[in-house]
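Residue numbers (UniProt numbering), protein chains in the order written: chain E, 1 to 334; chain Y, 1 to 334; chain W, 1 to 334; chain D, 1 to 334.
No wet-lab data here; the hints were simulated from the structure.
One copy or two, either will do: identical chains are not told apart, so a pair holds if it fits within one copy or between any two.
Below, a list of computed lysine-lysine pairs in the DSSO-like style, where the Cα atoms sit at most 27 Å apart:
(1) K7 x K328
(2) K198 x K44
(3) K82 x K7
(4) K198 x K82
(5) K328 x K44
(6) K7 x K44
(7) K95 x K82
(8) K95 x K7
(9) K44 x K82
Residue strings, one per chain:
Protein chains: 4
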Amino acid sequence: MGGVSIKAGIVGGAGYTGGELLRLLLNHPNAEVAFVHSNSQAGKPVYATHTDLLGDTDLHFADVLEQDVDVLFLCVGHGAAKQFLEAQQLQPSIKIIDLSQDFRWNESLRGEVVNSCGRDFVYGLPELQREAIQQAQHIANPGCFATAIQLALLPLAQQNLLHDEVHVSGITGSTGAGQSLSATSHYSWRSGNISNYKVLGHQHLHEIRRTLQGMQQQELPSINFVPYRGPFTRGILCTSYTRCSLSQAEAEELYHSYYSSHPFVIISGSTPDLKQVVNTNKCLLHLQQEGEYLVITSMIDNLLKGASGQAVQNMNLLFGLEEQAGLKLKASAF
Amino acid sequence: MGGVSIKAGIVGGAGYTGGELLRLLLNHPNAEVAFVHSNSQAGKPVYATHTDLLGDTDLHFADVLEQDVDVLFLCVGHGAAKQFLEAQQLQPSIKIIDLSQDFRWNESLRGEVVNSCGRDFVYGLPELQREAIQQAQHIANPGCFATAIQLALLPLAQQNLLHDEVHVSGITGSTGAGQSLSATSHYSWRSGNISNYKVLGHQHLHEIRRTLQGMQQQELPSINFVPYRGPFTRGILCTSYTRCSLSQAEAEELYHSYYSSHPFVIISGSTPDLKQVVNTNKCLLHLQQEGEYLVITSMIDNLLKGASGQAVQNMNLLFGLEEQAGLKLKASAF
Amino acid sequence: MGGVSIKAGIVGGAGYTGGELLRLLLNHPNAEVAFVHSNSQAGKPVYATHTDLLGDTDLHFADVLEQDVDVLFLCVGHGAAKQFLEAQQLQPSIKIIDLSQDFRWNESLRGEVVNSCGRDFVYGLPELQREAIQQAQHIANPGCFATAIQLALLPLAQQNLLHDEVHVSGITGSTGAGQSLSATSHYSWRSGNISNYKVLGHQHLHEIRRTLQGMQQQELPSINFVPYRGPFTRGILCTSYTRCSLSQAEAEELYHSYYSSHPFVIISGSTPDLKQVVNTNKCLLHLQQEGEYLVITSMIDNLLKGASGQAVQNMNLLFGLEEQAGLKLKASAF
Amino acid sequence: MGGVSIKAGIVGGAGYTGGELLRLLLNHPNAEVAFVHSNSQAGKPVYATHTDLLGDTDLHFADVLEQDVDVLFLCVGHGAAKQFLEAQQLQPSIKIIDLSQDFRWNESLRGEVVNSCGRDFVYGLPELQREAIQQAQHIANPGCFATAIQLALLPLAQQNLLHDEVHVSGITGSTGAGQSLSATSHYSWRSGNISNYKVLGHQHLHEIRRTLQGMQQQELPSINFVPYRGPFTRGILCTSYTRCSLSQAEAEELYHSYYSSHPFVIISGSTPDLKQVVNTNKCLLHLQQEGEYLVITSMIDNLLKGASGQAVQNMNLLFGLEEQAGLKLKASAF
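Based on the provided sequences and hints, a complete structural model is requested.
Okay, structure coming up:
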C-alpha cells in the first residue's frame, strides 16, 4: 500500500470535526488533502483557524470545490449536508463520507441503506458491518454517543440477549457541542460544572435502536439514556446495564469473540477511565456482572472514534487500505 | 436568639469535613468553637492545615478533649467514630453529631434509632424527620450521595409511589474522597477524566433503602445506582427515574408541598446545573415527566448539605436555633 | 449598627459583578436591595440570570430607576458608566460606587480626585485612603489586577522604596473577562490552556502608577507587567519583584505595620496559593527576600476584593458601618 | 531508512517520562522496544501502569537489563541515573540518553561536555548543537523549563544581544512534577489553583546560564525566573523579556533565520496559546517588540519537547534517522 495516495477533499473544514480530520489526514501515509472548503474562512490559511497546524501545512481554505478527488468528507452541520448534496453536481465516482446525521439510519427508515439525494448511504460503523462499508460508495458516519453505546451493546444484540430494559448514562466533553459559542460552552459556566440534558430523549437513540433492532430477532426493549455535560474537552464515557443471564466469563468470552478482528475495540479486565482513549481512535469496553445485571462501560474520544477518526477508518475500508492506517495515535494520557 | 452561644468541639478537625465545619462555625452567629482535636496536627495552628483560615482564627489543634462543650462533632473516618466513643468517657449532657457512617441506619437495623455505644442515634436528615432531630441527643449525619438521592425520592416514598425499579446515576467531585492521596485523587489522573466505581454496589444504598422503606408501606423496589468520579472538586449531581403515573403538574405539586417548610430544598422550574448549589447548603431539585417515567435531578455540595453544612443544620435543630443560622452562604457560582 | 439598613440600587445587574454584588447584599446585615436595573433582562426574575439565587430572592430586574435609594452601584461596562451619569438626573444625595474604569485615576489626571459628570470621585482602595473614602460621596472602585498589584507595593511606595524597575507577572481567571462569549472564554479553548495578553501594556498600569507615584517622592520606576489568562474561574495571583535593601525581617515588619489596621489584607508566613482567598474578600500577601530582590506574592478573588466585594467594603465605609459587614465569607477552599 | 530498526531499552519505565517514551517508541517507524526495566513493577504488563497502552503492547516490565540494545534511555529520578551507571557494567557500544539532570551542564562545569561515570555526555538540545549530538555517544537530555527558556533566548545569545537583565515567568502543568503523590499534586488542591515556587531560584537556571554563556562573548546578565504551578496537566508556557534594540522586523528575521533548519521550532506571527503544542514535539515562539523591550513567548509540551519527545529527537540524531521520525504527532488541540 506504500504507493497508494487517496486524494481527499473536506467540506466544512473550519469546524471541530474538520480540524480533527485535517490533523489525521496530514499525517496519513496513504492520503493527501486536495482542498479544504469553508464558506466562512475562504482565502485564509487553515492554521489561522486550527492554530495547532501552524508549521504543519500551508493549505488555505478554498471557496470552490475541486472535482478531482477520490473522497469527499462532509463536515458541515446537521441539515447542511443534505442541502449541500442537493445543490452540488458531483462526479459520481467521488466517494462521500458524511459526518452529519443527515444520512444515518433513523426511525422512519427501515431498509439496510438510506437512500437520499440520489445516493445510497451505508451506516459507517465498521464493527457492525465492515464488509458493507468496504463495498459502499457513500458513508453516513455514526454519532458520537451512538458509537459508544452501540459498541457496548452489539454483541448482546447479535446473540438476541437484549430482552429487558437497557439503562444508559453517559458523559460527554465540551467538544461534542462544537465550536459555536453558547451559554453551556462558556468557560466560567462549564468549569467544575455538571448538568444533564435531553434526559430519556437524546436524538442518537434513533440510530442506536435502528442498529440493534436490525441485529436481533425479538423486539428491542426500551433504552433509557441519561446524557450529561462534563467539565472536560474530549471524550465520552457510558455505563449501560440490562438484565442478562450470562456469567462474567461468558460475557467476556462473547465480547472478546465479537471484537477479536476489530483492532480499535479493546476489552479491559480492570476498571478503566476515560483518558485511556483520549486522543486515540480506540473504544475501550469493560464488563461487570452484578447480580442479575450485566454492566458494560464503554468509552471513546468523541472527535476521533466518535467522529473524524471513524471517518478515516471508513475511508481506509472504502479504499482497501489497512484499517488502522493513519490512526495509530499517541494517547495524550494526561 | 442573639444571646445564645453554643460551645462546640470538633474531633478529627484536620480533614476536609472538619475544615469545612470550622469555616461554618467561625462565622456562625450562635456558636463558638471551643476546641479542635486532631491527633496528627496537635499543637499546630488550624490555619497551617486549613490555610484559607489564616487571618480568621488563631485556634490551635488540641490533643486533649475538653468536656465543657454543648456539642461534639465527630469528623473522624468510618469506624473511628465508634472506636472514639467506646474509648472516651464523655459527659452525658454533651450532644453528639457524627459525620461518619458508623451510626447511620443500615441493613441490619430495623428500629427507628440506632443504638450503639450506649447511645441512641437519630438519622439526621432534617427533611425526613425534623421533629425527631429536635428531640434527639445524638445525630448520625447522612452520607453525601445518600442525601442527594433521598431528597430526590422522599416525596414519592411518602406517597407510596415507589413501586417500580429506580435508576440513579450520579457524579461526585474529588473532595468526596477526602484528603488522603491516592491514584484517583492525583491531579494528572483526574483532570479531564471520568470513571465509574462501585457500579450497582455503592455503600450508601443501605441508608437510602432504610429511609425509603421506612416511609412507604409496599415493598421497596430495587434501586440501581451508577456513581461516577468527575473532574471537579465540590458537588454531587444525581439523576433518578422510575415509572410513575403522576403528571408533570402533579409531581411538581407533590414536591412543592413536601418541601414547603424546608428552606434548603429548592425546586427549579428550569434545567439546573451543579454550580447553582456549590458552596451553599441547598439541595436543588428538578422534575421532568418523560413518557411513563418521572425524572428527578438533585444536586448538593457534598461538603455542605452532604456533610458539614447538614451537621450545622442538625446542630441548629438540636439547640432550637433558626434552621438556617450560619448557613446563608454566598454561592461561589463560578 | 443593628438597626441601620442601607437602601441600595444596582445598575447593570445582569453581569458578573452585578450578580456577585447581589450575592453579597442579599446576605448583608445592614443593607437591602431596593432594585436591580438591567436593560437586557428587565421584567425577568434575577434568578433567571443569576441562577444560584433561586430560592434566595424574588426580585425582578427593573427598567426604571428608583431615586429612593442611599447608594447606587454602577455595574455597567467601561464607558457606559459615564454615559449613564450624563444621561440621568440623580438625586444629589445618592452616593455612587462605580465599578467601571470610567472615573478611576488615570494618566491624564493629576489631582486627588477625579472630577467628571459634575461629581468628584474618590479612588476606592481602602488600604490606600480609608479616611478619604469615609468622607466621599462618589467612589471609583479599583480594577482587579490593579488591586492585587497595588496591595503588593503600597508599603514600599509609602517608604519611598520603589527606586528600581518593578517586574510583575499575574494570572487571572475567566470571570475577569465577564460573561460575554468570546474565543478565549470558550470552554474547549480555555480548559487546560494558558496564554499571555497585553504584555507590558495592560490598561490597569495607569491606575497603579497614579497611586504609587502619589505616595512616594522620587520618580516612579517602570513597572513591567505580564498578564496571563489561566484555566480557572475565580482569582488573581501576582508575583512582583524589585531591588530592595530591606532584609526579610524588615520587609515583614513594614508590611505588618502598614496593614495592621486593614482586616482584609493578610500576610502569610508560608508560601500561599490562590484558593486560600477564592470566594473571600481577602488579599493574601507573601514576602520573600531573594538576593538583592524583594519578591511579593499577592492574591485576591477578582470578583470580590477585585470588584464587588471591594465595592461593598467601600459602601460600608461610606455609611459608617463596620468595614467587614457582610464580607465575612466562607472560602470555597477547594 | 525503511529498513533501520533501533533496539531500545528503557530504564525506569514506570514513571511519566518512561510511559511517554513508550507511547512514542511503540509507534516509531525505525525503533523497537527491546525491554522496559522497572524495579517497582517488574513482572507486570506495562499497560497495568500506562493503562492507555492496553491493546498496543504485551510488553512486561523486566527486572534484568539486556545488553543487546543499541540505545538505553534512563528515565529514573535525579541522582538515580548516576547511581545506575556507577553500578552497572554496560557494553560500551550502547548509546545512552539520560533524561535526569545528572549529566547536564551545571555551574561547576566549564567544558563542552560533562564527563562523569567514565563517559562524556553531550547536552542534548538539538537546536543548540545538532552536529555535536550526531557525533555523540551519550546524551544529557535538557530539562523542561530549560528547553522552553533556552529556545526563547538562543538567537539573542548567538548575536551577543543579551546584555541587560532577562525577566522570565513561566507556568507548568502537573505532569512536570511526576507521578508521585504530594500535596500539590492532589486534585482537590490543584484544580482551579495557582501558586508560584522556587521564585528566582529554580534549578534549571544552571543549565540555561551555562548554554547561553557558552554562546555569547560578553558576560551573561542575570536571568530572573518566576515559575508557577498551573491547573492543567501538560505544557509549559514562558514569557521572557529583556532590553533589546532590535526592531520587530529584525527580531523576526533573526529568529526565522536561526530556526530555519530546525523543524520543531515554529515562529507564530499571532498571539499563541499553549494548546497549540500540547501532545506535540513542537516549540512555538512569538516575538513582540514593546518599547525598549523584546518579549519572547515560548511554549512546549513538557513531556515531549521537554522530556521524552526530545529524547527521541536525540535518538534520531544519534542514529542518523530523519529528525522528525516518530514525532509527527497529532496535537490534542483541545
